[in-house]
Amino acid sequence: MKPMITRRTLLGTGAAATALTLATPGILRANTYPERNINVYVPTAEGGGADRNFRAFSSVWKEKLGTDFEPGFYPGASGRVGYEIYMGKAEPDAYNLIFGNMGPEVLNWAMQAPSFDVNDYFYFGQVDKDPCCLFVGAESPLQTMDDIIAAAKTRRLNVGTSRMAHPASIGLLALGDKLGIDFNLIPLQGGKSTVAGAVTGEVDFSVLTSGSVIAAGDSVKTLLVFGDNIVGEALDNAPSINDAYDMDLPEMLSARAFGIHKKAADDYPDRLEVLTSTFRETFDDPALMEAYVANKGTPEYLQYAGIEECEAFKQSMLELGARYRSLLSGA
Amino acid sequence: MDSSTASILTEVFFETLGYWYIIVPTIFLGLIVGGIPGFSAANTIIILMPLTLALDLQSGLVFMISLYCAARMGAGIPAILVNIPGTAGAAATPLDGYPMSKQGKGQQALAISFVASCIGGLLTTVIALAAMPILARVGFYMHSVEMIVVMLFGISLIASIAAQDMVKGLIAGFLGLMIGSIGTDVVYATPRGTFGFLELYDGVPLIPALVGLFAVSEAFVIIEKRVIVNHDNEPKAPNWTDTFDGVRIALKRWVHIVWTSIIGLVIGVIPGAGASIASFVAYQQSRSFSKTPERYGTGHPEGLIAPEAANNGVTSGTLVPLLVLGIPGGATAAIMLVVMQFHGVSFGPSLFENQPKVGYGMFMAMAVSYVIMFLTILPLSRYMSHVTTIPTIYLAPMIISFTLVGGFVPREYMFDMYLALAFGVLGYIARRTGYHVAAILIGVILGPLLEKYFLWSLKKSDGDIMVLFSSTLGNILWVAFAMSIILPLVFGMRRKRKLEVPAE
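Protein chains in written order, with my numbering: chain A, 44 to 374; chain B, -10 to 493.
These aren't lab readings, by the way, just hints derived from the structure by calculation.
C-beta: ideal position from N, C-alpha, C; glycine also.
You may find that some hints are simply not true.
Unchecked claim - Covered stretches of chain A, going by a simulated chain B footprint (3 or more residues, C-beta under 8 Å):
#1 123 to 131
#2 206 to 218
#3 222 to 234
#4 247 to 261
This is chain B alone, in the form it adopts within the complex (with noise of 0.2 Å):
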């Protein structure tokens, strides 16, 4: 980085926190709508798209970098305390923050949830910031094929699932599976098992699948209990000690929120990836390479660092192909790019030679966002935390008609309500009977995704299945993927070794 390179960051940071005012307020607005299943920042920029415009330059930017950050990490909130994913990036956090909450920890749970955004977002922000040149060519090279694999990285913890009861995991993870087939093929369109049901041309809606294979069903569950959290773990008064804790195991792991941040931010740069899938992929990693992998899915921290951490890797992720390449990387930056485009900046590699305080000016609002986030939020996981102790009776009603609501929301079809109650039922009954519904959400979130890569493999090769190993790095990969497959069972067998051996 060259002095003047350097001055032009100075300044930015300095004059990107002089704009406290819209940030801090744009951050609870951020929580709001990353909370509410169906909305995302993507919908809430679109909405007050009139004020954006509005705006000048650099408090635009501003507003839509701290409402993206906020609502990224908003989305895990639900998700912790009612088992509410409200966006598909969220929907791997439940799997261990929702036991934590059930076990009385909510408030920490939320504070490990925190510290793993705050950290990983602000560490993949200055990451992307130093090695922009470098991470704008990881998509020049993570092709369809490559993408496959990582699909696969993902789609294995059903595997990890199925371990505890093979048969029903593998059931669940198949289901998932053909849900997710349903729609119009990605080649050339053709309707599959949609029942003639229009609403289902473009693959079943992910939000009311989300929010009823979780919260519906789960309400369902809890209307049965008092309260959210298990009698043997009553909560507690309020006290800032579970806050501390929560942020004393969080950076204890600071090791894994690298870890996984980085994983979030290497899948946020590919166009097209998405949070979704570097929750489940960072979870997988996580899972796979940790001492107790049992303990994941039973409200293990690290299960729940691993994917915020990850999904906030891809928040700033999904800039740099923004950037550097004029592609945007999501939902979010694609609309970033049309309001920008409004105050003529034109993006591409020409951006950082004529306006380098905008491609600057954006990383420095993200990082000044996730510090005044983290100053801002952490103390609120104390009153947060209190909603897992409202009476059942008043916060089953409550989910259901929040995440019904939630699953209208981004197509306003009635037929997406009843979906989410559709899906609900079914994960009530894969509850009751033991089948486990984040098995059923991994084939429905991912399956239609690995399939897209594959189909897209096929039609370029002329359907030569030898395509999966044409390429070096996903040959690479294809070991990496067996590698995490196979040096956990090793690593299993001989810790179990290693416990017998006292025994004898």
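This is chain A alone, in the form it adopts within the complex (with noise of 0.2 Å):
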């Protein structure tokens, strides 16, 4: 009679079943993902445009994936504490992700590299985007791009913008290539500060993102989009740069989305697979849009992005980055 139970069984059932048991944990620890809440760190201050924002998402976001979020905001140096903080001290397990800006926040990467490799993390998920334009304000003398390209024949024209780094920046050094333009640019250090440049004749004109520029209302006119305009009247009808000079400039935009350490998404791809299904799942529900309203958002601008999306913007910004650092930087 043949033993019911040989050497090669007995080990390879073992095998099995130690495959199997380590195997259980993650098994149930996916089934049951998230089985707290996501800690969500934010680059930026509390109260401010991406606070808002990141509130009107996850308030939809949390009824889909069954948990809360908890945000912790580390402003400074134009979102580089935030992410080394993220980077340098969140466990990577995805219950911590970052809620940043793939514009300026990424820039910031091409002019000064941060102490991680910035293919550490991606984003997963954009919330929105909001495309820079150039404006003027009402009682400029210059009231059509026209006139700019007319006054930067006889001087070099002021113009103002949030920080050197920006997508904003970025669309005036393109178009000041494709016209023969040299621009000066004026880091007026935040959105009012430019807005009010614009305004108060501090410089001839500003760029900068355009929830900003439609906040000011009557105060300025718009003059050109780096992206598409697809608020129209809001931005004075203003064209897009690609249409009214004939270029292939990617969108400059500031652009927020969820990121995530690449290290949890390789070792948990199943939490992944949960955060990316629902947050896609979100933008089907119709309260997202009356959240994202009643935070002061361009309904126009709650357009959602995944993985490949957000990785080519981010690797079209940090190109640019590299392409106009010497401008940018000072370097």
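Reassemble the complex: the two chains are provided individually, in unrelated frames, and hints are given to aid placement.
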């Protein structure tokens, strides 16, 4: 009679049982994820645009995900502090996410490399996108793009921007390249000052994300959008830079998105799947638009983008940042 | 003003008075948050945003404005009593307010501060309302070149302070300017002097520096005494006389209140300029044209009136660019903009045509708040001043823990608490060795602002230094600045000569 259990069977069964035992917690975790609140690192100050945007989106997303979000605000150094803390201190377990801006914050890395590898995190879901634009003060003598081009032939024009490493600055420099104009960028430190600079004549005109420009109302007039003008009248029906000057510039955006450690995605692909699928579902819920508009979002700017689109945008920012690095960083 | 505007104003005034049940509790809330270092009207409105958004437009407006005014005034209370300026706008208040408290005149100082704040705030609200179209134009002329001179008005205070001990005063001032230059540069964001700390990339955070230099160092000093009040100035039993004395002293100097509050108003209407600039410039101007400049810094009422009237003048000033141009003049005004837009109010030139009651309503809410504040807060000075009689064995630890938390609040970084302690030690060493902490602080607060305007000007002119003398208004301000430095010297020499004549 052959023995019921051979040595080989025993070892094989043992190995299978061990593998199953080791795998079980992972499977259980996958089935129960998320089993606790998710921390979100916001690299800007509480009460700002990112905060409002985050609260609007997470108020709907948390219903799909079945857990709550706990934001932590880490402002400073144009977002650098928040990212450094996220990448340096947060556990890469998909319970820690970052809610950043793929435009200006990624440009930072092109100007001055962070302490971590920029490919060690990626954005998996864009909440909204806000194209940058060029605008003048209501009382400015420059009221059309032709006025600006004509004035630029007589003197070097001073152009306000929120900060040098900003997608709006790149949009302007690309326009300058196309038209052969050398614009003088003046970093006015923040959206409010950039609008004020154009309105009061501190600078000849300014470039900024369009949401802030729309909020300034009649005090300003938009002349050009560094992307698609999907809000029409709100931006004075200004044309897109690509249409107006036959260019092929990627959209220069402020685009807020959730990001995650690459290690978390590699170690817990199932968790990433839960995050991305519920993130996508959130966009199908009409409650999101209500929450977004209630938090002063421009409805047209609420636009989904997934991992691939976000990564493409991140890479384009890094490339453009590297191309204009000397002009934007003085290096 | 035409009859329709007058009738709207009257109607709005009485409507606003009807919101007393919102204004009174908000005033007390504002006094508390204003008095706590690190808190301000801006972050309180953010925290209470759900409540603010839930209120109807008029109630939300009245709530925000009352909170704004009360918080501004509240910041002066701990600055006077225990040398803790809760915000940068109150940084000049303890220069003379705290010495008054140490002399046992805390109650009087509070009364002076309340009168100067309320009258200054009320007066500038009326002026802002009447001269709004003109004031809204100030920002069109005050650009970076002009602001450099305004900054120099404030920074020249270092020289005044240094007059008592020139070498030590200038060393302290330059140390402050050096600390103020820590952080990334304005143009290319290149880090300087950050010692690798990311937390210093945006510069030395103001509140930890403020509370460290003034309050923490003071706590180290007072622990060696029994009470804050000097031994030869033991506090009297609470009485109304000191309050009335304070009111009388302040009212007697009504011209001073008017003058310095208008300085605050004009600086307030410039987008980006703020109460810290206004209070130092007002203090400097007040001292420069005083008949008794030597009394400043020793508990002189005029040295207290100037910053308090000026920073409340800023409060009404910041509303002008917000309402007329749609540009918020400061952080609180920026948050108001968000809340008002939520209610569908669009700011800018069309506001007074489309929704005049909203535009005028904000100024009326401010005026009514100041009136109610005067009536409700003044009697409290009698009780508030008791803080100075608490034994320092209890008070000093309270000040340290209170201010360290205050240092933590704005950014919620432990780093900022350590920084406040470090500044406390620096301030203590400065006090013990005869260096003036105010000179350090002026450098820390105004240095980065001066640098910002200076670098903007240079960037705009491609590095041409002559840009500093390129505008007519700028040149007028340069002359005024030179006069404000030279004239006091001339007056001083003349006074000295007059005093010497009878002796001969």
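Practice task
Give me the numbers of the hints this structure contradicts, sorted from smallest to largest.
Solution key: none
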